[in-house]
Amino acid sequence: MSQKTLLNAAQLDMTLHRLVCQLIENHDDFSNTALIGVQPRGSFLLDRIARLLQSEYNISNLKTGKLDITFYRDDFRRGEEPLQANSTQIDFILENKNVVIVDDVLYTGRSIRAALTALQSFGRPETVELLTLIDRRFSRHLPIQPDYNGRQVDALGNQKVKVSWKENDGVDAVYLLKTENS
Amino acid sequence: MSSLSVDHLLGIKYLTREDIELIHTTANQFKEVINRPIKKVPSLRDITIANLFFENSTRTKLSFELAEKRLSADVINFSAAQSSVKKGETLIDTVNNILAMKVDIVVMRHPNPGAGVFLSKNVNARIVNAGDGAHEHPTQALLDSYSIKEKLGSLDGKKVVIVGDILHSRVALSNIYCLKKLGAEVMVCGPATLIPKHIESLGVLVEHNLKKALQWCDVANMLRVQNERMDISYFPSVREYVQQYGVTRKILDSLDKEIVIMHPGPINRGVEITSEVADSDQAIILNQVENGVAIRMAVLYLIASKIKRDD
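Each protein sequence line maps, in turn, to chains A and B. Every letter in the first sequence is one number past the one before it in this note's numbering, and letter 151, counting from 1, is 151. Every letter in the second sequence is one number past the one before it in this note's numbering, and letter 303, counting from 1, is 303.
For the record, the hints were derived by calculation from the structure and aren't laboratory data. Incorrect hints may have been included.
[Claimed, not checked] Derived DSS-like pairs: lysine-lysine, alpha-carbon spacing no greater than 27 angstroms straight-line:
(1) A/Lys66 - B/Lys69
(2) A/Lys63 - B/Lys39
(3) A/Lys178 - A/Lys162
(4) A/Lys66 - B/Lys151
(5) B/Lys69 - B/Lys102
(6) B/Lys102 - A/Lys66
(7) B/Lys31 - B/Lys13
Taking the hints into account, I'd like the entire structure generated from these sequences.
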């Protein structure tokens, strides 16, 4: 397995600041906005963005939630193992809110499709936007594009993008992984 | 582990502790789903489930049907009372006819013990046992143990007494298997005529004195006294049963601790427990009903996840 660094800690931090500033441009004081992280990996990005908004940009009363999409995925019974659910933590309704779905890597678009369906269980949002840290462009199976994007990457199908978070994996970085014989 | 070790849910006897814990963990997520404004997920939208009830049931059937619909499965219902079973059709013929309509999962209640096991060997569908005679009622045991865990945090080392007609109870047998697998100590309590001989071989304690049993336990699971048993002299009279095995406020107040009261329903109020006890904070009977739907969703989800389209 070979590994190439796409973003190091400093670059990742700068990217997060830029994404946060773009969010503020469109959502102002976030009074009618909810940020929803897609479980499991999108929740790390959500936590980091929420922390930046609160500590560096003084956004108070930020509404955040974590959404599990397992029961809405279209690949149920297609893998070797059953899909195991994570927890959903959304303790408010999304009716008429401006929702920003947050996920770390946008690849085929199927996860976001499932997230859009799952969101409907919590009300009818006014608008829904998508924020991703990495957009693996040219890999989409569905017509889904991010509104806020950290970095675009052209990766082959047998390559993998891994986002590593300090609090979970010990280091802040984004890697492109490739098996030796691929 | 993220997959059940079995292809059918025929009884708790066939499950491992890991299987039971996987079902409980999955039920946690479904409990969150059924408390949302929109309680439905599309997971089983291409699965067809037949509910075959060869014996009367209201609650279990409703609970399964709701679980199936909340998973978006297509559901067909079959009740033996209105069928050709009365005309002598065999079980395999009945089920195969239904399977010819492309059914993936059969949820079956049957008066004969082992009917589910028999069916699983003879028809091409996944079987979920919704109660077979006086043998097993696995989903009830799964929801009972889940409800205790929810209330007390864990089952390891907890003391649970099952009170009532142990002899004819599928709930009792499944509960014994399930609670023991999860590390609880189990006691059965009831009149000698309603306790099976050699039940100690299952690793349970036997007590005929209700007060002593309640003093010993953390949880009392009260079984329903079947009306049909009341006429055939397993105990002298309902009045005597109530005096010896009915749980009242007075008995609970005489204990030096607060125990959890459970009942699989429907309650004969004033027989197994008084209304005062059934409606008290100590009783988790309605939690059991709510958890029943989440547990059945988890079971159906995990069984369905083993069905591949090239089966």
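With a cut-off of 27 angstroms on the C-alpha distance, tell me whether A/Lys63 and B/Lys39 pass.
holds (22 angstroms)
Is B/Lys69 close enough to B/Lys102, meaning Cα to Cα at most 27 angstroms?
holds (18 angstroms)
Is it true that the CA of A/Lys66 sits at most 27 angstroms from the CA of B/Lys151?
holds (25 angstroms)
Within 27 angstroms, alpha carbon to alpha carbon, are B/Lys102 and A/Lys66?
violated (37 angstroms)
Agreement of A/Lys178 and A/Lys162 with the hint, judged by alpha carbon distance not exceeding 27 angstroms
Satisfied, since the Cα-Cα distance of roughly 11 angstroms is no more than 27 angstroms.
So if I understand the rule, the pair passes when the alpha-carbon distance is 27 angstroms or less; does B/Lys31 with B/Lys13 pass?
OK: B/Lys31 and B/Lys13 at ~25 angstroms, within 27 angstroms.
27 angstroms Cα cutoff - pair A/Lys66, B/Lys69:
Roughly 25 angstroms between the alpha carbons, so the hint for A/Lys66 and B/Lys69 holds.
Figure legend: structure checked against the earlier numbered hints; the only hint not met is number 6.
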